[in-house]
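Peer 1: Construct the complete structure from the given sequences, taking the supplied hints into account.
Just so you know, the protein sequences line up as chains A and B, in that order. Note that the first sequence ends on residue 267 in numbering that gives the first Met the number 0; no numbers are left out. Note that the second sequence ends on residue 257 in numbering that gives the first Met the number 0; no numbers are left out.
FYI, nobody ran anything at the bench for these hints, they're computed from the structure. A few of these clues could be false.
Stated by the list, open to error - Think about it this way: if two alpha-carbon atoms lie no more than 20 Å apart in a straight line, the pair counts; the simulated SDA-like pairs of lysine to any residue are:
id	chain 1	residue 1	chain 2	residue 2
1	B	Lys150	A	Leu67
2	B	Lys161	A	Ala138
3	B	Lys141	B	Pro175
4	B	Lys141	B	Asn100
5	B	Lys161	A	Asp83
6	B	Lys182	B	Pro109
7	A	Lys136	A	Arg198
8	A	Lys136	A	Ser58
9	B	Lys161	A	Met117
10	A	Lys121	B	Lys141
11	B	Lys141	B	Tyr115
12	B	Lys150	A	His185
13	B	Lys150	A	Gln96
14	B	Lys161	A	Leu67
15	A	Lys121	A	Gln96
Stated by the list, open to error - Between beta-carbon pairs, the in silico distance windows are:
id	chain 1	residue 1	chain 2	residue 2	range
16	A	Thr254	B	Arg244	55 to 61 Å
17	A	Asn24	B	Asn100	31 to 37 Å
18	B	Arg84	A	Ala177	29 to 35 Å
Keep in mind the model is a prediction, meaning the values are calculated, not measured. Even for Gly, the Cβ is constructed at its ideal location relative to N, Cα and C.
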Amino acid sequence: MNDHDTPPSKAAAAVEIDSVSKVFNLGKPNEVHALDGIDLTIDDGTFVSLIGPSGCGKSTLLRLMGALTHPTEGSVVVNGKSADQARLDRDYGMAFQTSGLFEWRTVTQNIELPLQLMGWDKAQRKERALEMLDLVKLAEFGDHYPRELSGGMQQRVAIARALSFRPQLLLMDEPFGALDEMTREHMQTEVLEIWEKTRKTIVFVTHSIPEAVFLSNRVVVMSPRPGRIAADISVPLGRRNFDTRESQGFFDSITEVREALRFEGSTR
Amino acid sequence: MIKRALAGAFPALVIGVGGLVLWELSLLVINPDGFLLPRPTEIFEAFTEHFDAIWSATINTGYIVVTGLIVGVILGVVWSLLVSRFRIADETLTPLAIALNAIPIIALAPIFNAWYGLLSPTSNQAIVVLLVFFPVFINTTKGLTSVGATKIELMDSYAASKWEITRMIRIPNAMPLFFTALKIASSLAVIGAIVAEYFGGSQDTLGQFIVQNAASGRYTNAWAAVVAASAMGITLYLVSGGFERVATPWRPDVDVVG
Ligand SMILES: Nc1ncnc2c1ncn2[C@@H]1O[C@H](COP(=O)(O)OP(=O)(O)OP(=O)(O)O)[C@@H](O)[C@H]1O
Ligand SMILES: [Mg+2]
Numbered sequence: 000m001n002d003h004d005t006p007p008s009k010a011a012a013a014v015e016i017d018s019v020s021k022v023f024n025l026g027k028p029n030e031v032h033a034l035d036g037i038d039l040t041i042d043d044g045t046f047v048s049l050i051g052p053s054g055c056g057k058s059t060l061l062r063l064m065g066a067l068t069h070p071t072e073g074s075v076v077v078n079g080k081s082a083d084q085a086r087l088d089r090d091y092g093m094a095f096q097t098s099g100l101f102e103w104r105t106v107t108q109n110i111e112l113p114l115q116l117m118g119w120d121k122a123q124r125k126e127r128a129l130e131m132l133d134l135v136k137l138a139e140f141g142d143h144y145p146r147e148l149s150g151g152m153q154q155r156v157a158i159a160r161a162l163s164f165r166p167q168l169l170l171m172d173e174p175f176g177a178l179d180e181m182t183r184e185h186m187q188t189e190v191l192e193i194w195e196k197t198r199k200t201i202v203f204v205t206h207s208i209p210e211a212v213f214l215s216n217r218v219v220v221m222s223p224r225p226g227r228i229a230a231d232i233s234v235p236l237g238r239r240n241f242d243t244r245e246s247q248g249f250f251d252s253i254t255e256v257r258e259a260l261r262f263e264g265s266t267r
Numbered sequence: 000m001i002k003r004a005l006a007g008a009f010p011a012l013v014i015g016v017g018g019l020v021l022w023e024l025s026l027l028v029i030n031p032d033g034f035l036l037p038r039p040t041e042i043f044e045a046f047t048e049h050f051d052a053i054w055s056a057t058i059n060t061g062y063i064v065v066t067g068l069i070v071g072v073i074l075g076v077v078w079s080l081l082v083s084r085f086r087i088a089d090e091t092l093t094p095l096a097i098a099l100n101a102i103p104i105i106a107l108a109p110i111f112n113a114w115y116g117l118l119s120p121t122s123n124q125a126i127v128v129l130l131v132f133f134p135v136f137i138n139t140t141k142g143l144t145s146v147g148a149t150k151i152e153l154m155d156s157y158a159a160s161k162w163e164i165t166r167m168i169r170i171p172n173a174m175p176l177f178f179t180a181l182k183i184a185s186s187l188a189v190i191g192a193i194v195a196e197y198f199g200g201s202q203d204t205l206g207q208f209i210v211q212n213a214a215s216g217r218y219t220n221a222w223a224a225v226v227a228a229s230a231m232g233i234t235l236y237l238v239s240g241g242f243e244r245v246a247t248p249w250r251p252d253v254d255v256v257g
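Peer 2: Structure below.
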């Protein structure tokens, strides 16, 4: 069968979100009800996309999983422990829309940063960084500074950095948002390749329906103000290849996601 | 590298030499007596004639400038590290820094002379320290605190400590602004030292040399000392630029002006 659709047999939950609400500036005049009653379980090894209109709380949900912000109500469990503990245990890697590379560090030094914080010695760091550079096909660029790379290359470095310490969970917030269509499709293929090789759990925020469908086992559609889960669509496309983007199944899934989004838009 | 530096300096050389020639020639035409403004060749003569006196005055003033600059820079950097790290420091030390800066510092020179003794260099150094402190403090603080939210979140996602964030993110982020401040401060230090010397403090300094020669009408000598002071300012500026290049290798190669 195709191993793209079947999660690992004894699927432990990578992320369990239980009736989570998030209110920013609670009780102040600028109060924002960003998320309401979110229940979401993500099985280990799956590739899940979060999609929805701007401001519906996708980034907030992702940051809750990373314990970069905390729920007003409900609980977030990552790898069977509190999100905070998972953060302290460095259980996840994160990549953002802007690559967030440190411009004073070379590409290699950027990739080594998490390892340095984890107290790895120099030789180990070097070795892992080289391995990561190979993975994202930037082997010749290790000694360059970020400003010497194109936007797509910078994003690849950011992904290599997020993967460098081999976290089982990868949180990505519109990592390809700033890229042109060509580079974007290329990067999607690369991320899928990495996912197939490593079988990480990936939570991927995007605005692009085709991107969500092409990449994921599961597309979670969100509705705005307050953010809720409007639909949870599984994508049975099997192992992706060059023809996937032109297959009937691909278009069917795109339609399904689009309708879910449109339905959500029309209810307001 | 040296060749490139020379090539980079070429336009400046042309302007400098051209300006001197123009200065010389126009004065020869409009003001041959050289009463108000001496010609460059006259200044050069005075410079060679009084070289020993100017040299030792330059050494003494240079000592005041460099020590004052170092102490002022350290003070500014430590102050901004405290302010950017601890809220309580921000709430107390920032207003204090702003208040200090509101004082017309040069006006303190005669007062400092009374405090530290009329002939002591300490009063001059104190003026330099105060002048240098503020631009260093303001710029470094800006650099330490203006780190993009994404970068801080990334560090949080790696469970980095506050100190690791300061050391690995805030300090490198502040480097470019710190060096901008250092360049401003190095010029301010020379100005501050010389004006302070007008009022007393250390003897045998450029400030004193200028005051005494001007008082007795020997303006050409005063100009020769001004040239020495300018050379000191330029040297400090170039040295700051050199440190900047070494300390921030990730930045594109820009001229010293950058
Ligand atoms: N730190 C914050 N303080 C106050 N309000 C916030 C904060 N972060 C997000 N919000 C609000 O929460 C809501 C959801 O924001 P979020 O960034 O999660 O949306 P998003 O779905 O990621 O949007 P986009 O697709 O534009 O990135 C928005 O209304 C936003 O204004
Ligand atoms: Mg977002």
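Peer 1: Evaluate each hint against the coordinates.
Peer 2: Consistency of the hints with the structure:
1. B:Lys150 / A:Leu67: holds (12 Å)
2. B:Lys161 / A:Ala138: violated (32 Å)
3. B:Lys141 / B:Pro175: holds (11 Å)
4. B:Lys141 / B:Asn100: Holds - the C-alpha atoms of Asn100 (chain B) and Lys141 (chain B) are around 16 Å apart, at most 20 Å.
5. B:Lys161 / A:Asp83: holds (16 Å)
6. B:Lys182 / B:Pro109: Not satisfied, since the Cα-Cα distance of roughly 27 Å exceeds 20 Å.
7. A:Lys136 / A:Arg198: holds (19 Å)
8. A:Lys136 / A:Ser58: violated (28 Å)
9. B:Lys161 / A:Met117: With Cα atoms ~15 Å apart, Lys161 (chain B) and Met117 (chain A) stay inside 20 Å; holds.
10. A:Lys121 / B:Lys141: violated (32 Å)
11. B:Lys141 / B:Tyr115: violated (34 Å)
12. B:Lys150 / A:His185: With Cα atoms ~26 Å apart, Lys150 (chain B) and His185 (chain A) exceed 20 Å; violated.
13. B:Lys150 / A:Gln96: Given that 20 Å is the threshold and the Cα spacing comes to 12 Å, the pair holds.
14. B:Lys161 / A:Leu67: holds (15 Å)
15. A:Lys121 / A:Gln96: Violated - the C-alpha atoms of Gln96 (chain A) and Lys121 (chain A) are around 29 Å apart, more than 20 Å.
16. A:Thr254 / B:Arg244: 55 to 61 Å: holds (58 Å)
17. A:Asn24 / B:Asn100: 31 to 37 Å: holds (35 Å)
18. B:Arg84 / A:Ala177: 29 to 35 Å: Taking Cβ atoms as reference, Arg84 (chain B) and Ala177 (chain A) lie about 32 Å apart, which means the hint holds.
In this structure, the earlier hints numbered 2, 6, 8, 10, 11, 12 and 15 are contradicted, and the remaining ones agree with it.
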